[in-house]
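In the order they appear, the protein sequences are chains A and B.
Counting from 2, one number per residue, gives the positions in the first sequence under the numbering used here.
Counting from 33, one number per residue, gives the positions in the second sequence under the numbering used here.
Keep in mind that a hint or two might mislead.
What the hints assert, rightly or not - Below are the DSBU-like pairs computed for lysine-lysine, each with C-alpha atoms no more than 35 Å apart in a straight line:
(1) A/K53 with A/K187
(2) A/K146 with A/K187
(3) A/K146 with A/K110
(4) A/K187 with A/K110
(5) A/K153 with B/K241
(6) B/K241 with B/K266
(7) A/K42 with A/K53
(8) B/K266 with A/K153
(9) A/K187 with B/K113
Stated by the list, open to error - From chain A, some residues computed to sit far from chain B (all C-beta separations above 12 Å):
(10) S40
(11) D151
(12) I174
(13) T245
(14) A320
(15) Q346
Claimed, not checked - Interface residues of chain B toward chain A, partial, derived using beta-carbon atoms under 7 Å:
(16) M33
(17) R40
(18) G43
(19) P369
Hints in this document: simulated from the structure, not taken from any laboratory.
Computed from a prediction, not measured in an experiment: that's the story for all the values here.
Positions of the beta carbon are idealized from the N, C-alpha and C atoms, including for glycine.
Single-letter residue listing:
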Amino acid sequence: MMPDKEKNEFASWQVNCPVSVTANADCVTLAHGEGGRLSRKLIQDRIIHSLKNEFLIAMNDAAHLPEIQGPLALTTDSFVVSPLFFPGGDIGSLSVFGTVNDLAVSGAKPLWITLSLIIEEGLPLVVLDRILESIACAAQETGVKIVAGDTKVVPRGAADGLFINTTGVGELIKPIPPGPQTLQEKDELIVSGPIGRHGIAILTVREELAMEPVPQSDCGSLIRPVKRLREELGDQIRCLRDATRGGVAAVMHEWAEACGLTLSLDERSIPVSPEVRGVCELLGLDPLHVANEGTMLIAVKQGAGAAAVEVLQSLAETAEPRLIGTVNPRGIAPVTVRRTLGPEQPLDDPLGSPLPRIC
Amino acid sequence: MKYLDEYRDPGAAQLLLDEIRRISSRCWTLMEVCGGQTHSLLRHGIAAELQGTVELIHGPGCPVCVTDQAAIDFACQLAQKEDVVLTSFGDMLRVPGSRGSLLDAQTAGANIRIVYSPLDAVELARTHPEKQFVFFAVGFETTAPATALAIKQAGRYQLENFSFIVSHVRVQPAMESLVQAPDHRVQAFLAAGHVCTVMGFESYEPFVKRYQLPVVVTGFEPLDLLEGILACVKQLEANEARLENRYARTVRSTGNLAAQDLVQEIYQVCDSEWRGFGMIPEGGLELRPEWQNFDARMRFTEPALRVIDLDECRSFEVMTGHIKPPECPHFGKSCNPESPLGAPMVSSEGACAAYYRYDVTAS
């Protein structure tokens, strides 16, 4: 169900959306999802028109994909972000970058993705068009093709404007980073850029916090940085992960659990933009717990951290990478942080969504 | 970042720590009143650094932690009504009443919205006349003026679909009640800087004289806290009891007069039930009779639920300095942030949560 505030904004759709279904309706109706003429028109005129490629144009029940050599990687993700458009991105670009990034950090070259749209009745067609355009741009930027899809329309109130699911297939490229279970003492931890930007951008716009400048999401592709890192560092890389929900802290906890060691971070070297830091200080949030959508963590063997930072620094997507910590014998907690002042402290695993404090 | 980094400078902090250690002839026991201060003392390792020199008792200054369970139960009860939307601040949502938290109620289908300002709740009520909106107003004198403004605004719009559960509490009566206990251990107070920003600090003069305890108005950043602690220790070593303002960049002796006028106009002082403490005379605020049409307890005639008191949480002993959170037998075992027995383990300002998060020895 959409929150009341959004419902209020969406209430204007009702005015523009006639009850009778016509081909000229300027918003998505239940009839668009019923499989008839309107469904075909929606798919042909809008979805295929925006995303056109040889696989989609064939309009088969299943996409016939060319043979590839070597093992595959497969991932799926659903996107329910509210609002649909936010500073620095929208649900469309997010749904492509999110899945593509998951493939890239797993060691795969992203090739194809599927796209399922669950549309709430009443979504303006101009909104849908803008999102499809954004999906097309993101697909082009990342070099993936949208090869199959599905469209469902659900009654008003059964979704929040638009939900998207994307499933991605990629070709695993050797040597595949062996994963966090292979982390060893003295390995080095790197973050590819300033943290917490996506979560704070969403929070600011969702709650209408009048921040100037408006915090921007880091929503973007990590394909090029991952590719360059792997080319330059090869088997020096232990593991990579985009730090989405739960932020840096959640990834660190997963890695610590996998290897049984302590991951120790140094707060002073973790990049945080003034906008993100300002909102976090104001609301009592820890940037380490806030979501990212185009920022990743990399663990490399001892001594390889500086080279990794140098590679990332040369790329526009990851211009502010930092060495933020090391892997140590299991100590006081699975993940620790040394802040500007005071002793090394445990860094807690995020519990639910961060709630702003009262004062 | 300006106004932040200069108050977290490690070199300056070390100088203050050294000075506190140098002048202390014995271990002094201070109480920081505010939960925000507790959080900062633990997060920046100050409490640990001063071990043996200054013992810090973490006072009752987390308004979420002292909110009466009956008020939370009432809020949950209203939130579950078909046509009601309950609004409140974020960290109120996880605090358990005697029958679960607002988040539990939300999971069970209640309509609950987090707001960042009570005025946002007024706006929601104005734009959705078909629903009844209730704002669950918690906090000390710091948040009371914002609620007062919202009530005035609701009055101006003549909103008939908006009401308040007022659970505002007052700091000074709680401090009085603490030092009136025969076994209290407090030798000096760090007064909450933000409360003094609104209310000023002149009202502490009679308190200092009566109880002969130093009171130092203190801020929240590490250097603010260390300056406040140093000022307390200096007074104690000189056998003095004075009122001092060490948060002068924000606090004036008279406070914010416009905010105080607003509080006066809307509320009157009342006795108040504090969770963990019991009834504190003059410990709370309630709506004046002329504003009572905005009182949710008048608007809704829900039968009062009996508070199921399991009596396991030992927050009273924590907040009065008789035990440190890790000394509670439930700490980190049956009581943790995922399944808290009491409010201090839930709120980001709560003493138990601060120890759970930051204290190395505790975890």
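Hint check results:
Between A/K53 and A/K187 the alpha-carbon distance is near 49 Å, which puts this suggested pair outside the 35 Å criterion. Of the supplied pair hints, the one linking A/K146 and A/K187 is violated, its CA atoms being roughly 40 Å apart against a limit of 35 Å. Taking the CA atoms of A/K146 and A/K110, the gap is about 12 Å. The hint holds against a cut of 35 Å. Of the pairs offered as hints, the one joining A/K187 and A/K110 holds, with about 29 Å between alpha carbons and a cut-off of 35 Å not exceeded.
For the hint pairing A/K153 with B/K241, the CA-to-CA distance comes to about 73 Å; that exceeds 35 Å, so the pair is violated. Of the pairs offered as hints, the one joining B/K241 and B/K266 holds, with about 18 Å between alpha carbons and a cut-off of 35 Å not exceeded. Between A/K42 and A/K53 the alpha-carbon distance is near 14 Å, which keeps this suggested pair within the 35 Å criterion. A hinted pair counts as satisfied when its Cα atoms are at most 35 Å apart, and B/K266 with A/K153 does not qualify at roughly 71 Å.
A C-alpha spacing of about 56 Å is found between A/K187 and B/K113, which places the hinted pair above 35 Å, so the restraint is violated. Residue-level check passed: A/S40 sits 34 Å from the nearest beta carbon of chain B, beyond 12 Å. Consistency note on A/D151: stated as away from chain B, and its beta-carbon is indeed over 12 Å from all of that chain's, at 30 Å minimum. Here A/I174 stays apart from chain B, with its beta-carbon at least about 40 Å from theirs, past the 12 Å limit.
In this structure A/T245 is separated from chain B by more than 12 Å, as the shortest Cβ-Cβ distance comes to about 21 Å. Non-interface status of A/A320 relative to chain B is upheld: no Cβ of that chain comes within 12 Å, the nearest being about 20 Å off. Once the 12 Å rule is applied to beta carbons, A/Q346 is inconsistent with being away from chain B; the minimum gap is 5 Å. With its C-beta approaching chain A no nearer than about 6 Å, B/M33 sits inside the 7 Å limit, and its interface hint holds.
With a cut of 7 Å, the hint placing B/R40 at the interface with chain A holds, because the nearest CB-to-CB distance is about 5 Å. For B/G43, the shortest C-beta to C-beta distance to chain A is roughly 10 Å, which exceeds 7 Å, and the interface hint is violated. Contact between B/P369 and chain A, as hinted, is supported at the beta carbon level, the nearest pair being about 6 Å apart and thus within 7 Å.
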